[in-house]
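Participant: Here is how the chains run, residue by residue.
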Amino acid sequence: MFADHLLTVSIWLPILGGILVLLLGSDERKPLVRQLSLGVAVLTFLVTVPLWTGFDRGTAAMQFVEQADWIRPLHIQYFLGVDGFSMPLILLTSFITILVVIAGWRVIRDHLASYMAAFLIMEGLMIGVFAALDAILFYVFWEATLLPMYLIIGIWGGDNRVYAAIKFFLYTLLGSLLMLVAMIYLYYQAGHSFSILDFHAARIGETAQILLFLAFFAAFAVKIPMWPVHTWLPDAHVQAPTGGSVILAAIMLKMGGYGFLRFNLPILPDASHALAGFMIALSLIAVVYIAFVALVQTDMKKLIAYSSISHMGFVTLGFFLFNQQGIEGGMVQMISHGFVSGAMFLCVGVLYDRMHTREISAYGGVGHTMPLFAAFMMLFTMANTGLPGTSGFVGELLVILGAFKTNLWLAVIAATTLVFGAAYSLWLYKRVIFGPVVNENVKKLTDISRREALFLGLLAVFVLGIGLYPGPLLDVMHASIDNLVAQTSLSKL
Amino acid sequence: MQAVYLAIPLLCLAAAAIAGLAGGRIGRAGAHGVTIFGVGAAFLLSFYVALDVFRNGHLFNGPVYSWLSSGGYNFQVGFLIDQLTATMMVVVTFVSLMVHIYTIGYMADDEHNWPKDSLAGKNSYQRFFSYISLFTFSMLMLVMSNNFIQLFFGWEAVGLVSYLLIGFWFNRESAIFANMKAFLVNRVGDFGFLLGIAAIFAWFGTLDYDAVFGIAPSLASQQIHIAGSTHWSLITFICIALFVGAMGKSAQVPLHVWLPDSMEGPTPISALIHAATMVTAGIFMVARMSPLYEMSETALSLIIIIGAITALFMGLLGIIQYDIKRVIAYSTLSQLGYMTVGLGASAYNASIFHLGTHAFFKALLFLGAGSVIIAMHHAQDMRRMGGLRRFMPITYFTMIIGSLALSGIPPFAGFFSKDAIIEAVHHSHITGSGFAYFSVVIGAFITAFYSFRLIFMTFHGKPRMDEHTRKHLKESPAVVIVPLLLLAIPSVMAGWQFIEPMLYGDFFGDAIRILPRHNAFAEAGEHGFSAWHFMKHGAFQPPVLLALIGMVSAYIFYVARPDLAGEWRAKLAPAVRVLENNYYFDKVYQAVFAGGALRLGSCLWKSADVKMIDGFINGLARAVGWVSGKVRLVQSGYLYHYAFVMIIGLFLMISWFLYL
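Residue numbers (my numbering), protein chains in the order written: chain A, 106 to 598; chain B, 1219 to 1878.
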């Protein structure tokens, strides 16, 4: 019984748990709130682990499928299932949520229960996005994730949080409305079905494909985000509390990338090929242009936010190369970026909790007072620059290898990240960690606590683990990627 | 045997991990004990492997584990053990072991280099040992690899550790500028290197050396499309792209700018970077890829020209330096130029030969300079030295040996290896070899001049340091002296011991492949050449004579007539100014690349991101706000208004569904 409904449990356990936290918790009962939240988060993670261990690596078919009627007259189903693309993302979600709960342990003082509940509900909704195989179900989860994040930024955010929250909300909402229209159109094309798998099989004309592609593009490009619809992200990150930034960077952005894999490429192969040049151009602009913008940021979070956009450029670049290395590279880049960007935002959080400023110029010489923290941040900075041996390298390498197969110059432009990515990352590290102690505040800093060492340490294990032995991660994707490559090479006209 | 291969790098890695992670618990003795044990064992095992390779002819090429598979191709971590690898392993671990032992003395009072309450300064000694062991591990992974991905891993890991080590004293502004510069300049090289690897993967479908070398001949005439109607030979593209990586690591003009600044690191690191690890990576890589490079004379020409420029012009910079470490740093650049010239002339064996002898005498010179610096209380300006030979006889003696070897005076090691390169260039017919020959011959004079300028300024003449320092001058402790003596032995002997097998014999077997028409030594080898012949022949050739003239000139300028140096400096002021500014490379790079990137970034951010995109979005939001202000009037609050609108809506929706 339980084993047949793993996905349902993974979705609803954190949501119900979150509601429970909300009901039981108040600011007088913080220890209870913390323990209960951690318990729910860990339990959810444990529930998702069998998805990995029980996953059949040999097939591209959906696994752990659950199917039931939801709104029968409109043929909307409660249809869940995972393949090699969604399963790793679900595990990433359930893992990162644990870290976010730990990271908010002492730092959040006001409305702790609501804070924890927002993240737990968020977790369930995001798992829902990755597990949904019915377009309407997907859409509902997709839109629903906006609300907790909107509240997280709006309530626990920085000084300019309202502007950021509304910008975030409107940007992503406008994008996804067009997606709904596209889904309704596909419903008719797929013979009155909202099943995404039926969408995959539907035959669609050329013009329709292009229009549908652009509609989905509006939703996913904003989410991931691609240049030039990226400007909501730096503001959202800067204003969001640490946990919000972590979820945003580590998982929410991946929803956009996942959308391209689930909708654009397999449903609209002809449009994908026709618009590949456009997509690749936007991706490469993100890789290069955004790297320069990151270089001149004076706010740590903004710098890392821009760095995220630049890294996501690699994801979309890889996807639209239509070869194995490209798509695999894009997927690995998404997973890796989940760990690395999460770690970078947590590092900023560690500093912010002590100094209450994100201005780079307020720091300098932190390595003297926080050597252990400096070591962790060194590792994550290097992972951010794609150093071999860290997870950051694997995706970039595969994408560059894939790009070279398509066109020499794509690889040349993409590979400039080796220099530019290193430049903004190391310059940040130099200004914050190295140098003499610049002021009294830095002098008074205390090194990371055991709680902080725990979440940074866990991330370090994954960053190094994937870097040194990425084989197992790629093995779960192979079948799905082979299948996708085959799908994109078949014309639907 | 496979366990032995695996143990060699892993011993260094484990030692680095213990010293780094548990440094506080195991203390100083524990840290240097465990790392010296690790590297020492790695050295002994490397020696054992070398014996196995050269005596018994046991070669190995196989995977350790599968890193990942993609598109049907397995990216593996694996080892290739052949003559070239074994040579490198012995050189790397030996020099590294010497540096480890030496470091006990050099870093003994490192706490003085840190601010008083710095927590990072507390375990700095242990951390340093951890880093140098990690450095050795990285270099071993690089030379032992049997495929390009692992090569790249070692390549980048070396870059990372050099970054950590150059900026080891991160309290110093100059150190953290230098380490970032080193990493970024190396990344420019890696950019080319990675593209070369990508090209190989795209065309060969494999990244294993053996398979690549096997397929290469069938792609000899393959062209790749660059732009418009421009096509390049694939092999040439690959060779040049990989060489760009080598230019970064092995500090060839114009990517050499990081190396002089790397002096900001503690001296043992300079020895390790300049002698055995890091800078040798590029030379090694090209030698390893000899089957590819032999197929592209265009690439070889580029290599020989770049090498010749580096050898000549960087040597000139050594003449005007006053910082003792900088003199040696520029000599490294110049000697790397020699090795590169050798590669360009297809004398890969001669280059590796010079790499080996240079590793010994350059480590010796750096550690000797470090010994001087210890005695001078961390002053490095040679103008404040002088007359040290009476106080530090062993340092003096070993430095003389190192300088003679560097200057290429027979029968010291450097003579054989350097002369072999000069000889090879002489026989080469490749484009650029004429200029290269000129450079390396003139270079012989320059090398001898700045080497002995250093000796004379430091150890001869009147003591010029302040009274306090002079009173405390003394020879360095045994942990410093013993490595110097141990390094002096191969600096004397390695030349005539190895010249015959390496150049004329079958020392490298199939590890290095040279086309018959490129092989400068083949003809000579047929006549039964020996080290003695080589020496007799070479001793009266221009390079050695020029080196002797260089030594004598240095004597005249810095001992016999010290006033002349200043006079000439004034006379040649414009030229000196160019040299003092390192040919303006640093200034131009700083202005164009660093400054340009910042200007571009800030322009893109402020005008494109903030003004254009956000301006548009905010304008849109304002427009929406205006419209919604109007539309709000519709929300009358009367229930029947809403009900009416709902019914209309429902009606429209149903008709839409029915119509479809």
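To be clear, the hints were calculated from the coordinates, so they are not data collected in a lab. Among the hints, erroneous ones may be present.
[Claimed, not checked] If you want the footprint, here are the derived chain B segments under chain A, 3+ residues with CB under 8 Å:
1) 1374–1385
2) 1400–1414
3) 1417–1429
4) 1436–1447
5) 1568–1582
Remember, predicted model here, so these are calculated numbers, not experimental data. Backbone N, C-alpha and C fix where the C-beta goes; we use that ideal spot for every residue, glycine too.
Participant: Which of the listed hints are broken here?
Facilitator: Structure breaks hint 5 only.
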